[in-house]
Amino acid sequence: MKKLFTIFTMILILSTSNAYAGKQTIYADVNGLVCDFCAQALTKVFSKKDQVENIDVNLDTKIITINFKEDQILSHEVIEQLITDAGYNVVKIRHSIDTNE
Amino acid sequence: MRNIIIFLTWIIINIQMANARPVSYPEGWTSMLMNNGDRNALHLHYSPTAKYSIGYKFEYWREDEYSINAIQVNNLLKRWNAKEWQANLYLKSGLGFAHSDKGNFDNEIGIAGFTGIGADWENRRFFTSYENRYTKAGEFDKFYMQSARIGIAPYIGDYGDLHTWLILDAEHKPTAADKFTITPTVRLFKGSHMVETGISDQGDFLFNWVARY
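In the order they appear, the protein sequences are chains U and X.
Just so you know, we're using our numbering here: the first sequence kicks off at 1 and counts up by one.
Just so you know, we're using our numbering here: the second sequence kicks off at 1 and counts up by one.
These are calculated hints, taken from the structure and not from any lab test.
Check before you lean on any hint, since a few could be wrong.
Each computed BS3-like pair below joins lysine-lysine, with the alpha-carbon atoms no more than 30 Å apart [stated by the list, open to error]:
#  : chain 1 : residue 1 : chain 2 : residue 2
1  : U       : 49        : X       : 190
2  : U       : 44        : X       : 136
3  : U       : 44        : X       : 190
4  : U       : 92        : X       : 51
5  : X       : 51        : U       : 44
6  : X       : 190       : U       : 62
7  : U       : 23        : X       : 83
8  : U       : 48        : X       : 51
9  : X       : 102       : U       : 62
10 : X       : 190       : U       : 92
11 : X       : 179       : U       : 48
12 : X       : 83        : U       : 62
13 : X       : 78        : U       : 92
14 : X       : 83        : U       : 48
15 : X       : 173       : U       : 92
Remember, it's a predicted structure, so these values are computed and weren't measured experimentally.
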């Protein structure tokens with residue numbers, strides 16, 4: 001019984017750690033996105049960050065999607081600062097983890 | 001003509017402008033080439049932050065036959081970001097030298113300076129803009145001018161698409177022989193490049209090109 005419990009616990013721990021591995025994505029709702037120059041500004045700013053794999057700017061929804069490299073991330077504070085420094089306002093930042101990679 | 005003046009006045013009073021932004025994103029470079037019936041101009045600037053840019057400005061005023069070479073600083077005084085629109089207020093100033101080729105001033109050089117404000121409002125369908133400027137070019141010329149624009153996008157493209165704008169450009173220069181100039185303009189905008197072309201009511205050609213890096 002003790003062995004079974006140990007194995008179950010290990011599986012659970014491994015499964016949990018796998019869930020947080022992989023590539024992560026952060027979504028930011030941004031005000032002021034009205035043209036391609038705005039989208040380019042954010043693309044350029046985030047592309048300079050080593051942690052960022054790519055970024056998508058949706059001018060319809062005003063949401064930017066930041067895809068990070070394997071096991072890389074930027075904090076919400078840093079993301080908000082980068083967007084603000086680029087001249088735009090952050091409304092909300094949401095976090096999700098893609099485990100399919 | 002009276003209707004045109006009323007329309008222009010309405011634009012100038014009610015509309016706040018925007019077009020090629022005088023300040024880019026942090027560490028962004030911009031080159032602007034602007035040509036119309038009065039002048040040919042080149043403006044290259046670098047934006048250390050999204051709050052200001054510094055760069056080189058060249059202008060050649062054809063009728064009075066003088067050129068200006070100046071250092072220009074553009075300050076973003078205020079930006080309003082909303083979900084569906086953005087508005088900006090800028091201060092644009094330059095200081096340098098003017099060189100004349102005309103008449104009594106032939107080959108003379110003088111101090112040149114200019115300053116003015118620019119404002120714009122835009123969403124993805126419409127934009128309006130206004131800017132003014134006072135210029136002194138040595139002893140050759142001094143003048144005040146203002147311009148306003150209103151534009152509409154016939155379709156709304158996604159990021160990366162070719163964007164098209166139909167623009168009415170109105171310029172007012174009280175010291176000029178033709179005080180008002182109206183230029184219907186088409187703007188094409190894709191990626192880092194923007195091109196504008198039009199022909200004014202006086203038959204002059206307008207061509208602007210802007211690129212960002």
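Results of checking the hints against the structure:
Taking the CA atoms of residue 49(U) and residue 190(X), the gap is about 25 Å. The hint holds against a cut of 30 Å. Between residue 44(U) and residue 136(X) the alpha-carbon distance is near 38 Å, which puts this suggested pair outside the 30 Å criterion. Only pairs whose Cα atoms come within 30 Å are accepted, and residue 44(U) paired with residue 190(X) is accepted, the gap being roughly 16 Å. Straight-line distance between C-alpha atoms of residue 92(U) and residue 51(X) comes to about 23 Å, which keeps the hinted pair within the 30 Å bound.
Restraint check for residue 51(X) and residue 44(U): the C-alpha separation of about 17 Å stays at or below 30 Å, so the hint holds. For the hint linking residue 190(X) to residue 62(U), the alpha-carbon distance of about 19 Å falls within 30 Å, and the restraint holds. A distance of roughly 29 Å separates the Cα atoms of residue 23(U) and residue 83(X); the hinted pair therefore holds under the 30 Å criterion. Using a Cα cut-off of 30 Å, the hinted pair residue 48(U) and residue 51(X) holds, with the two alpha carbons roughly 19 Å apart.
Taking the CA atoms of residue 102(X) and residue 62(U), the gap is about 53 Å. The hint is violated against a cut of 30 Å. Taking the CA atoms of residue 190(X) and residue 92(U), the gap is near 29 Å; set against the 30 Å cutoff, the hint holds. Between residue 179(X) and residue 48(U) the CA atoms are separated by roughly 47 Å; this puts the pair beyond 30 Å, and the hint is violated. At most 30 Å may separate the alpha-carbon atoms for a hinted pair to count; residue 83(X) and residue 62(U) meet this at roughly 7 Å.
Restraint check: the Cα-Cα separation between residue 78(X) and residue 92(U) comes to about 22 Å, which is no more than 30 Å; the hinted pair holds. With a CA separation close to 26 Å, the supplied pair residue 83(X) and residue 48(U) stays within the 30 Å bound. Of the supplied pair hints, the one linking residue 173(X) and residue 92(U) is violated, its CA atoms being roughly 46 Å apart against a limit of 30 Å.
Consistency note: the structure conflicts with the earlier hints numbered 2, 9, 11, 15.
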